[in-house]
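Protein chains in written order, with the working numbering: chain A, 4 to 304; chain B, 247 to 366.
Because the hints were derived from the structure by calculation, they are not lab data. Among the hints, a few may not be true.
[Claimed, not checked] Each computed DSSO-like pair below joins lysine-lysine, with the alpha-carbon atoms no more than 30 Å apart: (1) Lys299(A) with Lys278(A); (2) Lys299(A) with Lys361(B); (3) Lys361(B) with Lys278(A); (4) Lys361(B) with Lys253(B).
These are the residues of each chain, in order.
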Amino acid sequence: MAKKENRTGDTASHVGFAGEHPRLEATSELLRELVSHLRQNRTQLREEWVRRITEARLLTAMSQEEIFAEATSVYDSYVEALETGTFEALQSYARNLSERIIPRGVETHEVVGIVLLLRDVLARSLFAKYQTDFEKLNRILDAYEPAANRIANTVAVGFVQERERVIRQQQEAIRELSTPVLQVRERLLILPIIGVIDPQRARQLTEQLLRGIRTNRAKVVVIDITGVAAMDATVANHLVQTVEASRLLGATVIVTGLSPEIAQTLVTIGVELGKMNTVGDLQGGIEQAERLLGYKVVPIS
Amino acid sequence: MDVPILKQGEFLIATIQAALSDADLLQLRSGLIQQVVRFRSRAVIVDVTAMDVMDSFASRTLREIAHMIRLRGAETVIVGIQPEVAFAMVQLGLTLEGVATALDLEEGLAYLNQKFRSTS
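Could you put the whole structure together from the sequences, leaning on the hints where they help?
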């Protein structure tokens, strides 16, 4: 409690009117009064809040009943946070809520919006209650505002953090999916590369390929870069390194699908590609690989 | 630590079994050059499967071995480079250019057998 009283005291000068600074020891008293007011009017305030949410067309991805259920939980955690001054419960609830609603496409502005709406609804009810006693209202607001701000902050940060966690997880998944090393024939691997190659991905790619060569005992590898839109000197050098490292393991690398633009860029920037074995398209690459391995494909007549 | 050099038909096989000091590498080099002459071998296989680190000296020595043996009229195949070692070598620019490589001993022998079958 002591901590929160300090916070309240710090911000009071911004909220309060000149000469009307509240006495610090009264803050917890005021918050208690505030909490009991919110408890008494729970049903009415909650309904008012849900009405405002619907009016503002927030949380459109959720049904009316769901909004009401969530609103009830948020309201209760909100009052609890005001009462106890601890935010852990609210924080974990916010994270849990975010986990549930992010997959349904709820946006950040909606979450921030509903918390600000609740703040507004509660503040209005305080105005209504203390309209005859201006000084009291003032003191109550001094106690309420910092706590309410902190709550809004907690919920919004919780939501954004959860969102970032999801994004990181997805990036990870995409990265793993994006570098398959596939065996198409005995001793022949293909490595289709799609998308942007950054240094980290280039490294991962090389590692996977080298491991693949070892486990599959590959002799020939076809690296297809049809899906690589652009290539700069760094990426080209990574490619050259991959080719050389594969050769050290005894595998021949054939690079296919160099687009005309990439070919031009590579020649212009002068990347040493002389050691690379290149073929126009994936089909040609696989055919050459088959020749190297001594396979011959004949139609069944 | 001595590296045993085994004669296997027309080939010599040197299997490195532990990390080698620079002196050991030079000894391996001279041993191989002498024996390739003595046994009139057609090729040499150096198996480096057990090496988890390949520094620039080791890599340069391997290349020298290959070039010297070529001057002797024989072929060299380096086999068993670990994936991590291969990547590290390439990043350091040690690419053993001009030296044949194979995945392991079996592959190296298969490579040589095929090569000599087609030429002889």
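- Message: For a quick check of understanding: which of the numbered hints are violated here, in increasing order?
- Response: Failing hints: none at all.
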